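J.: Each chain is listed here by its residues.
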Amino acid sequence: MKNEKTKKEKIKTIVNKIFVNNIELKIASVFAAIIFWLLIGYFFGI
Amino acid sequence: MTFFEYCQSIIASFEWQWIVELVLLAFLFYWLWAFFKKRNAVWLAYITFLALVLIFILSIFDFVGARVYVAMFILAFAIIPTTLFASDMRRGLFRMSWKNFLNPSNKNIDLSHEDITQTVENIVRACQNMSKNDIGSLIVITNKSLDTIVETGTALGSLLTSELIETIFFPKSPLHDGAIIVTANRIIAAGCYLPLSARNDLPKEFGTRHRAAIGMSESNPSITAIVVSEESGIISAMHDGKILRYLDNVLLTQIVTHALVAENDKVEELALWGE
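Sequences listed follow chains A and B, in order.
Going by this note's numbering, 26 is the number at position 2 of the first sequence; the sequence numbering is gapless.
Going by this note's numbering, 10 is the number at position 7 of the second sequence; the sequence numbering is gapless.
Since the hints were made in silico from the structure, they are not lab data.
All values reported here derive from a predicted model rather than from experimental measurement.
For each residue, glycine too, the CB sits at the ideal point set by N, CA and C.
It is possible that some hints are incorrect.
Derived, one-sided and incomplete: chain B residues facing chain A with beta-carbon distance under 8 Å [what the hints assert, rightly or not]: (1) L28; (2) A29; (3) F52.
Start from the sequences, fold in the hints, and give me the full structure.
T.: Structure representation (structure tokens):
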């Protein structure tokens with residue numbers, strides 16, 4: 025079909041989804057998780 | 004033991020189970036923040052991240068109130084989103100699906116170059132034809148979910164063609180009154196009602212259709228609205244409260260292409276829209 029995506033475009037889309045889209049949120053989430061986990065562990069002893 | 008010593012002891016006696024906990028927590032944060040971003044409330048993600056970093060710094064310096072701040076953060080993080088997005092959360096819970104759960108912030112933005120070109124051509128052709136025949140129309144192009152707006156109209160989900168757009172806006176067709184919502188190469192819904200702008204500096208010839216387009220672009224900066232005037236056939240575009248009028252084929256193509264590919268706000272603002 026004319027409109028079907030090429031293999032290269034599909035790979036690009038997947039790579040974009042993992043490494044490009046919302047990358048700032050992904051990096052921040054990792055840091056936030058570490059900070060939150062340490063704080064909870066220290067203050068509430070979980 | 005101070006917080007700093009606690010962090011050191013954690014690093015010294017690390018266990019693999021903790022990685023699982025951290026990964027789960029990171030997923031939770033990412034899912035919530037992507038949810039905020041999808042609803043144009045990315046500022047809430049920034050604020051929560053900054054608050055966490057601040058509490059972390061206070062804890063390192065052994066501030067007395069740090070424990071209270073952590074408790075307050077947990078409370079705020081639980082209460083604020085549920086208050087702000089109560090209706091979205093209720094709707095989301097009823098329509099949960101794995102696809103949306105894994106990628107909540109963009110659900111349909113993987114168009115090929117040909118798809119984009121074809122969609123743009125169709126929109127531009129439809130606008131030109133409607134402009135020639137003085138048929139009024141309002142097209143909202145967005146890459147974000149506009150569930151609350153879509154629910155005011157009739158859901159379509161059909162492939163976009165110029166003929167379909169012209170048919171929808173043909174006077175006396177049941178769906179001609181209202182806006183169509185376009186995402187990627189689909190018309191998601193037709194006959195949708197949009198919030199009106201309350202601005203009083205708009206040209207007098209702007210009617211309800213134009214006001215609705217501006218109102219929508221003000222409340223949702225990620226969208227672009229295209230309006231064809233019923234009286235004059237003039238084609239205008241609205242984005243983030245800004246208005247461009249008397250659009251020709253070239254400009255309209257540029258604006259529509261940009262609106263379609265502006266994925267997750269990564270694409271720089273089109274120079275046309277100015278500051």
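J.: Each of the hints needs a verdict: does it hold here or not?
T.: Results for each hint:
1. L28: Holds, about 4 Å.
2. A29: holds (4 Å)
3. F52: holds (5 Å)
The structure shown violates none of the earlier numbered hints.
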